[in-house]
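**Student:** Letter by letter, the chains look like this.
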Amino acid sequence: MLRQLLRNAKERLRLFLSECGRRARVLRVSLRRQPDRIDPSSRFAPGFRYGYWEGEARGLELLKEWLSPEQFAQYDANSYFEVTGCHSGKRYRISHGTSMNIHELDGAGRPRVGWCFAPKGHLVAGDVMLAQKIALETDERGVLAVANKFFVQTGRRNTLLHH
Amino acid sequence: MATQIVMDRTGDTRHNFDAKNADALLKAEERFTELTGAGFTAAVRTTSGEAVVKRTFDPNAEETLFFPRLVGG
Chain A
1 MLRQLLRNAK
11 ERLRLFLSEC
21 GRRARVLRVS
31 LRRQPDRIDP
41 SSRFAPGFRY
51 GYWEGEARGL
61 ELLKEWLSPE
71 QFAQYDANSY
81 FEVTGCHSGK
91 RYRISHGTSM
101 NIHELDGAGR
111 PRVGWCFAPK
121 GHLVAGDVML
131 AQKIALETDE
141 RGVLAVANKF
151 FVQTGRRNTL
161 LHH
Chain B
164 MATQIVMDRT
174 GDTRHNFDAK
184 NADALLKAEE
194 RFTELTGAGF
204 TAAVRTTSGE
214 AVVKRTFDPN
224 AEETLFFPRL
234 VGG
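Sequences listed follow chains A and B, in order.
Under the numbering used here, residues 1 to 163 are what the first sequence spells out, in order.
Under the numbering used here, residues 164 to 236 are what the second sequence spells out, in order.
For the record, the hints were derived by calculation from the structure and aren't laboratory data.
Hints are not guaranteed to be accurate.
[Unchecked claim] If we take Cβ atoms under 7 Å as the criterion, some of the chain B residues that face chain A in the derived model are:
id, residue
1, Val-169
2, Met-170
3, Thr-173
4, Arg-177
5, Ala-185
6, Val-234
7, Gly-235
Ideal placement from N, C-alpha and C gives every residue a C-beta, glycine not left out.
Working from the sequences, and respecting the hints, build out all of it.
**Tutor:** Below is the structure:
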């Protein structure tokens with residue numbers, strides 16, 4: 001059964017890479033034909049924008065400005081930081097990312113359960129993590145009411161628990 | 164100079180204004196009302212660095228951050 005799963009995953013990965021290669025070829029050809037038609041503000045490939053990295057960097061700068069010194073040090077060292085929920089006093093770990101990146105910690109600091117919520121729209125990772133931090137620190141109950149809960153990984157697949 | 168920072172897909176857009184100028188302050192208040200009306204949350208930082216959510220416009224806030232409505236992922 002494991003072999004079958006691996007075979008399926010391998011096949012999906014192969015298809016994904018082949019699709020990426022195809023899109024890259026199409027993009028290369030179209031850019032070669034129309035080199036002066038690149039609008040810096042426009043999308044020229046699905047899910048990717050010119051200036052994407054600048055936006056990501058700006059988001060991270062903003063996040064770092066708003067983190068406490070302890071959170072900043074934690075994020076700098078581990079790519080995650082911890083916040084305290086304003087209502088329950090529970091600790092949450094926010095890892096670098098835009099989804100499924102929040103873990104509620106138990107008393108020993110181990111991930112107990114995951115929470116998934118984010119600002120509406122397509123925001124960069126720094127912005128998403130900052131909004132998540134402010135929400136947990138100022139309106140924990142409100143934000144968990146709209147969030148989806150998921151089990152943390154314990155060697156098996158993550159499972160979404162619809163709220 | 165005060166700033167309103169609005170998160171968006173480019174990272175953020177910053178609106179700087181002179182809080183001592185009545186016209187600029189009015190415009191900033193209108194922007195606050197418009198954004199919060201559209202579901203954005205406004206937050207400011209206290210002197211100790213703690214984030215506080217603002218439901219009404221604070222003319223004394225040096226920096227106000229706006230982020231879109233939060234939804235389950």
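**Student:** What are the numbers of the hints the structure violates, in ascending order?
**Tutor:** Of the numbered hints, 1, 4 and 5 do not hold.
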